[in-house]
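Q: With chain A's structure known, arrange chain B on it following the hints.
One-letter residues, chain by chain:
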Amino acid sequence: MPTVGLCVVLTSERGGEARSCCMTEVRLLTIACGGASTRPGLMARLSHLSPSRMHACFQNASLLPLFCAAGFAVLAGCATRDPDNVRPPKPGSGVKEYAALVAEAESDIQGSLRCLENIRAQKGRCRPGLVRDLGDEVDRLHVDSIRVRARVQVIQARGDAYLEAWTNNAGLMRESPLRLSPESLPQIQEAFSRIKQKSQQTGDVFRPYFAGLRKLRVELEKDPGANQTEQGQQLIQTMREEGVEVLRNLRALGDELQSFERLLATAKAAGNS
Amino acid sequence: MLSALFALPAAGQWPFPVPATPGAQRNALAAVRAEAKRVDNAARVAPNYGAQGWGNVWQSFQGLRQAYSALKSTMDPRQLAAGANELAELDVGLDIIQEAFANYQENLAAGQPERMAVRSLCRVVQEGSALWLQELNKVCGRLHVGWGA
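Sequence lines, in order, name chains A and B. For the first sequence, position 37 matches number 37 in our numbering, and the numbering has no gaps at all. Take any residue in the second sequence, note its place counting from 1, add 1000, and you have its number in our numbering.
So here's chain A without its partners, still in its complex pose:
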């Protein structure tokens, strides 16, 4: 919120006490506008102005317009936001965010593998609870994978646009701006290429795994004894192997993202020195 400056012009008051009271309130109002970054914060600060003191000040009619103007200035400061100041993402924040998505995806895949393990270990027909768990796991995986899958796909399509955004360095690919050391550019580009490659590989192994999980779920919902058939057991085994492969790829992708973060930090430090 922009700081609202108040120009205080004191007119003559009838009593010195009224003058000191009102000066304090105006000072508090000015501090409130400058310090509060949100409307709730501003309101909390303004609430410290006691009603009785405000009433005493408003008794002095000459200051009433001043307070009205101050009130309008406060409200105007709260209502107007600068539409032209679109914030770029913080440098490196995109990498951190992607790494967090990948870590979440690892956790989700581990959950699905635990579910598969429970089904594999089940003696006899699957309990209804196990079948329900698998269904829940499949649905959760669909929802929880939306963001990371979207990132994986769009990185393939937009490539260098992500590199520019992550380094917050438009023109990175052409000239070396001053923020990053020029010597680090080839390394950074190579590291980003590895991230793109790992992203694609992860997407490639996830698709059949997810399709297989859905198939297993349908089979067990049709017939909870499907885990006892040879076909069912083969499907469970295949899913376990594919799930482990997805996990391996996610970890590799996570490692590449961490390396990239470290590389970026080093390059910036070198560029700033």
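I should point out that these hints are in silico values taken from the structure, not numbers from a laboratory. Misleading hints may appear alongside valid ones.
Below, simulated DSS-like cross-link-like pairs (lysine-lysine); rule was C-alpha separation at most 30 Å, straight line [stated by the list, open to error]:
#1 1138/B / 268/A
#2 1138/B / 96/A
#3 96/A / 268/A
#4 222/A / 123/A
#5 1072/B / 1138/B
#6 215/A / 123/A
#7 222/A / 96/A
#8 268/A / 196/A
#9 196/A / 1072/B
#10 1037/B / 1072/B
#11 1138/B / 196/A
#12 96/A / 1072/B
#13 1037/B / 1138/B
A: Showing chain B alone in chain A's frame:
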């Protein structure tokens, strides 16, 4: 049935160009949120209507896609450039949620009980759309969509 619904016209944008004003953006964003609410309601009640229920979910989801498309048409070039990656991810996010409808058809064809197929579809669409809306709100906040007088 899905292919018949695909034949329905899904207008990507309003018939007339929408000005890129903060007021237009606020209205468009409100429309997206209203459509998301419709999706949520449709997905919540659809399991009670069996096979017919999913049609409402489909229609409301397409309404959400159209409203989002209209919102993007209100953004100015600066916002579109600054948010290009995130907007592309939101586009793909909708595609990924929409996969639930194709999965529903496949699962039914494979013999999944209808009740379970509808419930699964509705859960994915409901929760997926809610997550998508959260991301949209973040992106719109960063791009200052609808800010200013």
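Q: Would you mind marking each hint as holding or not holding in the structure?
A: Here's how the hints hold up against the structure:
Pair hint residue 1138/B plus residue 268/A holds up; C-alpha atoms about 27 Å apart against a cutoff of 30 Å. Simply put, residue 1138/B and residue 96/A have alpha-carbon atoms about 16 Å apart, close enough for the 30 Å limit, and the pair holds. In summary, the hint linking residue 96/A to residue 268/A is supported, as the alpha carbons are separated by about 16 Å, within the 30 Å threshold. Only pairs whose Cα atoms come within 30 Å are accepted, and residue 222/A paired with residue 123/A is accepted, the gap being roughly 18 Å.
Using a Cα cut-off of 30 Å, the hinted pair residue 1072/B and residue 1138/B holds, with the two alpha carbons roughly 15 Å apart. This hinted pair checks out: residue 215/A and residue 123/A have alpha carbons roughly 21 Å apart, not beyond 30 Å. Only pairs whose Cα atoms come within 30 Å are accepted, and residue 222/A paired with residue 96/A is rejected, the gap being roughly 42 Å. Restraint check: the Cα-Cα separation between residue 268/A and residue 196/A comes to about 22 Å, which is no more than 30 Å; the hinted pair holds.
Using a Cα cut-off of 30 Å, the hinted pair residue 196/A and residue 1072/B holds, with the two alpha carbons roughly 27 Å apart. Only pairs whose Cα atoms come within 30 Å are accepted, and residue 1037/B paired with residue 1072/B is accepted, the gap being roughly 19 Å. Taking the CA atoms of residue 1138/B and residue 196/A, the gap is about 25 Å. The hint holds against a cut of 30 Å. Restraint check: the Cα-Cα separation between residue 96/A and residue 1072/B comes to about 27 Å, which is no more than 30 Å; the hinted pair holds.
Simply put, residue 1037/B and residue 1138/B have alpha-carbon atoms about 17 Å apart, close enough for the 30 Å limit, and the pair holds.
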